[in-house]
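Visitor: The residues making up each chain are set out below.
Protein chains: 2
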Amino acid sequence: MSKVRLRISMSLDGFVAGPNQSVDNPIGIGGMRLHQWAFSLAAWRSMHGLEGGEVNQSTLVVQESLANIGATVMGRNMFGGHPGPWDAGNPWNGWWGSNPPFHHPVFVLSHHARDPLQLEGGTTFTFVTDGIEAALAQARKAAAGKDVSLAGGARAAQQFLAAGLVDEMEISLAPVLLGSGERLFDRVGDNLHGLELVRTVAAPSVTHLKFARR
Amino acid sequence: MSKVRLRISMSLDGFVAGPNQSVDNPIGIGGMRLHQWAFSLAAWRSMHGLEGGEVNQSTLVVQESLANIGATVMGRNMFGGHPGPWDAGNPWNGWWGSNPPFHHPVFVLSHHARDPLQLEGGTTFTFVTDGIEAALAQARKAAAGKDVSLAGGARAAQQFLAAGLVDEMEISLAPVLLGSGERLFDRVGDNLHGLELVRTVAAPSVTHLKFARR
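Chains as they are written, first to last, in the working numbering: chain A, 1 to 214; chain B, 1 to 214.
Okay, chain A solo, but in the shape it has when bound (with noise of 0.2 Å):
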């Protein structure tokens, strides 16, 4: 069966966003301090549109991340905008412009109904309201054979890792404090449900650790 394998990265003190998230703001006060280390590599810039950059140890662990995903699953908060009810006369359209970087269907968890939307490039979002179970459903029948990437945010991640849906987990440690904001483990418990450490990556400005079940 198809993997759900969630990418994100974390800071030390174990933030995946920084507090005050906002339309200015889309990960929080000094939540872009997680991500620097992505911001250089030539893998990371081509899958935004962007020539140039570094290759280094990181460049395997973006690559493999983008390998054999046919959907995404993510939060409400991630596709971002505003919260409650959308906004018909003005509709958020996500973060990433007329051409976002996925190219494959798109599941968003979401507490209110909207038709799909579709962008170009092949990706579409679908925005379901019936929970994680249900996403996942829809987003491994769109993915036909491969893999989900679950792709945060926070609370996202959490109910999938508390549920024990979670096969791969690649945590991109940032090294640096965040001090508040969101938190990947808080109402998960202590238990990985099997996840365990397999492969440790060492790269400039941060430590790629890669779970999965053995």
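No lab work stands behind these hints, which were simulated from the structure alone. Honestly, I wouldn't trust all of these hints.
It does not matter which identical chain is used: a pair holds within one copy or between any two.
[What the hints assert, rightly or not] Below 25 Å or equal to it, Euclidean Cα-Cα: the simulated SDA-like pairs (lysine to any residue) are:
(1) K3 <-> P175
(2) K3 <-> S205
(3) K141 <-> N68
(4) K146 <-> A162
(5) K146 <-> M47
(6) K141 <-> G122
(7) K141 <-> R155
(8) K3 <-> A134
(9) K146 <-> T126
(10) K3 <-> V198
(11) K3 <-> H193
(12) K3 <-> R214
(13) K146 <-> Q118
Keep in mind that this is a model prediction, so the values were computed, not measured.
Given the coordinates of chain A, assemble chain B onto it according to the supplied hints.
Guide: For chain B alone, kept in the frame of chain A given last:
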């Protein structure tokens, strides 16, 4: 000047002790899971008077953490026993028996005065009631040019980190969740005071992250 060096084991979710620490559970419920990586090491066993054990990638980290240490500072909770004033009739003399594995002067942060305690093998415990900077000054003097080990627990480490008094930090990240307990970085804020990730060692059941000022 001699350095202040913190070495501590931390869970993936940021805890350095489990909940409900007591004489029966010195590092809290589940807290021993943080240290499983160490117990099988020859380097750890010989420090505690035991024979045999493994040599692996953790060995150099343990050996390095023991080298060039002239004194140790620890919190009252790590010295352990009970909260509140010392029981003169039945004094708690630490977890380590008559010959503790320090073999140098140890300074214990406490709110309660007590005469120094001299045990076998060169370990003396001195109780310091006037705060971390006074304890550090005494420890530096006793270390006579060698480094000062900051042994924990959580609250002592937090105070030194928040004050920017830590010069090197070796975090042994155990790939487990505790879910609750004492977090290393609570009350520390978002400032590592110039500490940067300078080495990552991937070892069985642990990832060692060394921070220092460049």
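Visitor: With reference to the structure, classify each hint as holding or not holding.
Guide: We went through each hint and held it up to the structure:
no., hint, in the structure
1, K3 <-> P175, "between (28 Å within a copy, 21 Å between copies)"
2, K3 <-> S205, "between (28 Å within a copy, 24 Å between copies)"
3, K141 <-> N68, "within (14 Å within a copy, 59 Å between copies)"
4, K146 <-> A162, "within (23 Å within a copy, 46 Å between copies)"
5, K146 <-> M47, "within (19 Å within a copy, 50 Å between copies)"
6, K141 <-> G122, "within (16 Å within a copy, 67 Å between copies)"
7, K141 <-> R155, "within (23 Å within a copy, 49 Å between copies)"
8, K3 <-> A134, "within (16 Å within a copy, 54 Å between copies)"
9, K146 <-> T126, "within (18 Å within a copy, 62 Å between copies)"
10, K3 <-> V198, "within (16 Å within a copy, 34 Å between copies)"
11, K3 <-> H193, "within (14 Å within a copy, 40 Å between copies)"
12, K3 <-> R214, "within (13 Å within a copy, 41 Å between copies)"
13, K146 <-> Q118, "within (21 Å within a copy, 65 Å between copies)"
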